[in-house]
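A.B. asks: Below are the chains, spelled out letter by letter.
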Amino acid sequence: MNFSTTLDTITQASGHTSKITKGNKKLKTLFSKLIAAFILFPLTVFAEWGLNMTQGVTQISQRVYDLHMVTLWVVTVIGVVVFGIMFWSIIHHRKSKGVKAAKFSHSTTVEIIWTAIPLAIIIALAVPATKLLIDMEDTSGSQITVKATGYQWKWKYDYLDEDLTIYSVLDSKSTEVSQLKSGLNPMESENYLLDVDEPIVLPTNTKIRILTTAQDVIHAWWVPDLGWKRDAIPGFINDNWAVIDKPGTYRGQCAEICGKGHGYMPIVVKAVPMDEYKMWVAEKKQAAEDMKNTADMVLTMEELMTKGEAVYKAQCLACHQANGQGVPGVFPALAGSAIAIEPANRLGHIHRIIYGKNLMPAFGEQLSDVDIAAVTTYERNAWGNDTGDIVQAKEVSEARDKK
Amino acid sequence: MGDKTKIKKTTIMLFFITLLMFGFGYAMVPLYDVFCQITGLNGKTVNVVTETNEKRIVSDRIVRVQFDSNVNGDLPWRMKAKQVIMNVQPGKFYEATYTVENMYNGDVVGQAIPSVMPGEASLYFKKSECFCFVNQLLAAGETKEMVVRFEVDKDLPEDVDLLTLSYTFFRAKPDNS
Amino acid sequence: MSTLAHDHDHAPSGIKRWIFSTNHKDIGTLYLIFALTMFFVGGAMAMIIRAELFQPGLQFVDPQFYNSMVTVHALIMIFGAVMPAGVGLANWMIPLMIGAPDMALPRMNNMSFWILPFGFALLISTLFMEGGGPAGGWTMYPPLVLQTGQAFPFLIFAIHFLGISSIMGAINIIATVFNMRAPGMSLMQMPLFVWTWVITSFLLIASLPVLAGAVTMLLTDKYFGTSFFDAAGGGDPVMFQHIFWFFGHPEVYILALPAFGIISQVIPAFARKPLFGYASMVYATASIAILSFVVWAHHMFTVGMPLKGELFFMYATMLIAVPTGVKVFNWMATMWRGSMTFETPMLFAIAFVILFTIGGFSGLMLGMTPVDFQYHDTYFVVAHFHYVLLTGAIFALMSAAYYWLPKWTGYMYDEKLGKIHFWLSTISANVLFFPQHFLGLAGMPRRIPDYNIQFADFNMVSSIGGFAYGLSQLLFVYIVIKCALGGKKAKDRVWEGAKGLEWYVPSPAPHHTFETPPKLTKEMLEH
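Protein chains in written order, with the working numbering: chain A, 5 to 407; chain B, 7 to 183; chain C, 552 to 1078.
Be aware that a few hints might be false.
[Stated by the list, open to error] Below, in silico cross-link-like pairs of lysine-lysine (DSBU-like), each with a Cα-Cα straight-line distance of 30 Å or less:
#	chain 1	residue 1	chain 2	residue 2
1	B	Lys179	C	Lys773
2	A	Lys185	A	Lys317
3	A	Lys317	A	Lys250
4	B	Lys86	A	Lys160
5	C	Lys970	A	Lys99
6	C	Lys773	A	Lys361
7	A	Lys296	B	Lys86
8	A	Lys160	A	Lys398
9	B	Lys88	A	Lys160
10	A	Lys211	C	Lys859
11	B	Lys15	A	Lys361
12	A	Lys317	A	Lys289
13	A	Lys398	B	Lys150
14	B	Lys132	B	Lys88
15	A	Lys361	B	Lys88
16	C	Lys859	A	Lys104
17	C	Lys773	A	Lys160
18	B	Lys15	C	Lys970
19	A	Lys289	B	Lys88
20	A	Lys99	C	Lys1050
21	B	Lys86	A	Lys135
22	A	Lys104	A	Lys177
23	B	Lys160	C	Lys1039
24	C	Lys1039	C	Lys1050
25	A	Lys288	A	Lys211
Simulated from the structure, these hints should not be mistaken for laboratory data.
Work out the full structure, taking the sequences as your base and the hints as a guide.
C.D. replies: Quick look at the structure:
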């Protein structure tokens, strides 16, 4: 329905209105569809053509959608009336039809009318908008609080009531496909760039307060199905809330340009019933506990390299690139770089991963000892850095203490 | 044609306006701070109060205060609130403690920046003592307990039942330390 | 004045004529050629953007370079194409329209033009520096912009140069209009194009210095240890956004108001009927300009403002629809019962009214805070401001170019080619930008180099429209060159219904005009 109205505007805009506006509605829709079929030749036949805002899965998102539709209809009607009159004039008041120009150049009455009518329309729109806004800003009565922290380029989620932290990074499949000239076809993965390694889980029918902040630059947390987005600003927290009605998986993206990886830090929310949520929290807490105790794991070179490559792809590749060459002037190369090959820099290398430096984020909190050991091993042996170094988790664990 | 002196006058006046507006750009900085203090914009709490011994009116309302912490990108510190949440009575002073650890092998100076949400509530969040008032130096590997003493004003709007006090530790700028 | 010493049609020749010129027509021409060049430079960047977005996946450019294309495309189009084109038209036409021999400050005029090429050389050179060009968006939000490499100081100084140039241009325009009008022309008798430029000039003078201040603060934050926008030192990154948009919103009207002026000249000419509601046009323009200083925060509703602030900025923003509506209705009423013909300038003007209004509609939607939380930073916004700026401002500039081209060159342009250019531009611009509304509503954020496959189809359509639009503009260059070289001689009054003093001088307009003020008759003051 919305498609045909918008196409009306398109066709009017291109000056074809004369025929269309007079036609009945059916004809109009048919015509719109024909144009659509003609201009938009079938590309990927089964891809869903999103046309309109989502109604979402919260009462707020539904109200946002409704207000959007009301406004859209209001402006569409105004557009049809105003452009209709204009085109009537364009068709009839032509020199070629022998029309002599009138002389009038003002009329106080009509000028007052066409100031007053828009004013009235605007007031009529402002009333529901005000009500909705007041409700959206009311975070009181929330039952759980989740803090989303934007990083270049991933999200960290802290469940403040649970002492639980989750890092959410673009899934490795998308990472691989999205490399420049990767030669892989994105059309094959439905959730291309909208999938993460660790989705966050939220309970349904619960008022969830979502705080946003950032670690480095400004990001924005946006899941369209929740009906809003909010900036994540370093040094400040913002709050917003949602009550998710329906269980399901909802996807969103960072909405504020935050550098090179801006398009590569999606958000995935899994909404589940409360008891399932509680189980998930317990599981994750256990997993976090387990992660802390990896210092004694000893892996073979081969295992370390496989694991290291996986970690590298998920965490490091966006900046240092698949070939370890980095981006000149912005992100340093690792291939052949002193820190990754010189024996004297071995501890420094581990420390750099744990603590970060300048643009390089600290991974100490996010990655376990064994993950850091694996990725260090990988970086010291890949892309011709063949140092033969094997770093075990124990060394990382000690490096943490050896500040 | 065109009166030369009049043109000169107009031009000078316009240049003056230009300079004035350049100054106005800078004047927006203090104006913005004032604006933030009045409206609670950006949730910075600058309300410092001194505790006195006089009897205080304590409301019997209970509101929850949630403690949160962040460490900015280039600071090798770890920070954690000792208490996740506190039930407080508006009008009464409380103390909250954060544990802050320097994981670096050298001295580092940090500065904590507070932020309170919801924004309107930040106007009613008052501190008498806070580690965020000054820079904090942590020696290599040092762990320190940092304290904030605060009250929630009794005039806190009725619809606020949960406040979040969030600190972000930044590496202190050299000229400030 | 030493007019007697001049041979009236003699212009100094060679390169020196252009470098040292203080003649408003020469400088106007320089501005216009410069703007057209920049339009193609910025356009080439847009083509790179659209090529990358043609399909999902990353085919051509690195995301960092993509971001710098997005950033520099915007800066070039705003400061390099639309603004200089507007100033060029003002230079050429304002003295002619108010019966003045030249601009009030000819030497400053020369300087304000010649700063531009240096400013842009500086800006474009950053693309070749280590670390790449500025890539944080044209809005330059900290802390992201502070991550810019070597390019950073060059970006800031380029902005300073462009700002200084525009401010000098604005001062010149105001000084000219206030002091150089032919005797007998009151302010309320000036053509509307002149009025819109006076108001635009005040906007420039009031807003650009604020931008200069903001970017200077960025510079000192990065290199001199100040903490205006650094939370660590007690600053606030959001404050930059407030200061930036305090400039940024008036800037939108700096681009749009001269377009309103052009349309208010063109429509009466081809409707052969006086402009409807002249006085209300002036008041509407002034109120839009004043309102533009109190709506800035609608660009940043999502930063988290207090409820009262959000409501204030929402109401103020929605209020702008009223004077804007008045203008659209006035144009309609001007056409009403006119005796219209549809030469290329008129076609562009009509397309402007319709397409700009569509951009206005989406603007009203964006102004409503609760729904803006969904629209913000999506392709819906991209569609909105391109409707307002491309099919708005640039269509008006095209209309102006066709309208006055015969006056500038002395020859008629090729009407048939002009019409082809119009239809190609209008259709392709809509194919380019209309689907972006859908993309935004369906959830595609702006400024991303790659996207989920659900957005693939509309992006491909949009890219096809983009390439078509880009190619169509080459036709415009051909038409202009052809017209400059010869063709049917233009009459003094090129268009039958055209009103205003510029049509009382010969075509092409001689190097010096109105050296003695014209004696104004009632007819000459009609609009």
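A.B. asks: Are the hints correct? Go through all of them and say.
C.D. replies: Going down the list of hints, with the structure as the test:
no.	hint	result
1	Lys179(B) <-> Lys773(C)	12 Å, holds
2	Lys185(A) <-> Lys317(A)	16 Å, holds
3	Lys317(A) <-> Lys250(A)	34 Å, violated
4	Lys86(B) <-> Lys160(A)	16 Å, holds
5	Lys970(C) <-> Lys99(A)	18 Å, holds
6	Lys773(C) <-> Lys361(A)	17 Å, holds
7	Lys296(A) <-> Lys86(B)	17 Å, holds
8	Lys160(A) <-> Lys398(A)	26 Å, holds
9	Lys88(B) <-> Lys160(A)	21 Å, holds
10	Lys211(A) <-> Lys859(C)	24 Å, holds
11	Lys15(B) <-> Lys361(A)	56 Å, violated
12	Lys317(A) <-> Lys289(A)	25 Å, holds
13	Lys398(A) <-> Lys150(B)	27 Å, holds
14	Lys132(B) <-> Lys88(B)	20 Å, holds
15	Lys361(A) <-> Lys88(B)	28 Å, holds
16	Lys859(C) <-> Lys104(A)	54 Å, violated
17	Lys773(C) <-> Lys160(A)	27 Å, holds
18	Lys15(B) <-> Lys970(C)	46 Å, violated
19	Lys289(A) <-> Lys88(B)	18 Å, holds
20	Lys99(A) <-> Lys1050(C)	18 Å, holds
21	Lys86(B) <-> Lys135(A)	38 Å, violated
22	Lys104(A) <-> Lys177(A)	69 Å, violated
23	Lys160(B) <-> Lys1039(C)	83 Å, violated
24	Lys1039(C) <-> Lys1050(C)	22 Å, holds
25	Lys288(A) <-> Lys211(A)	21 Å, holds
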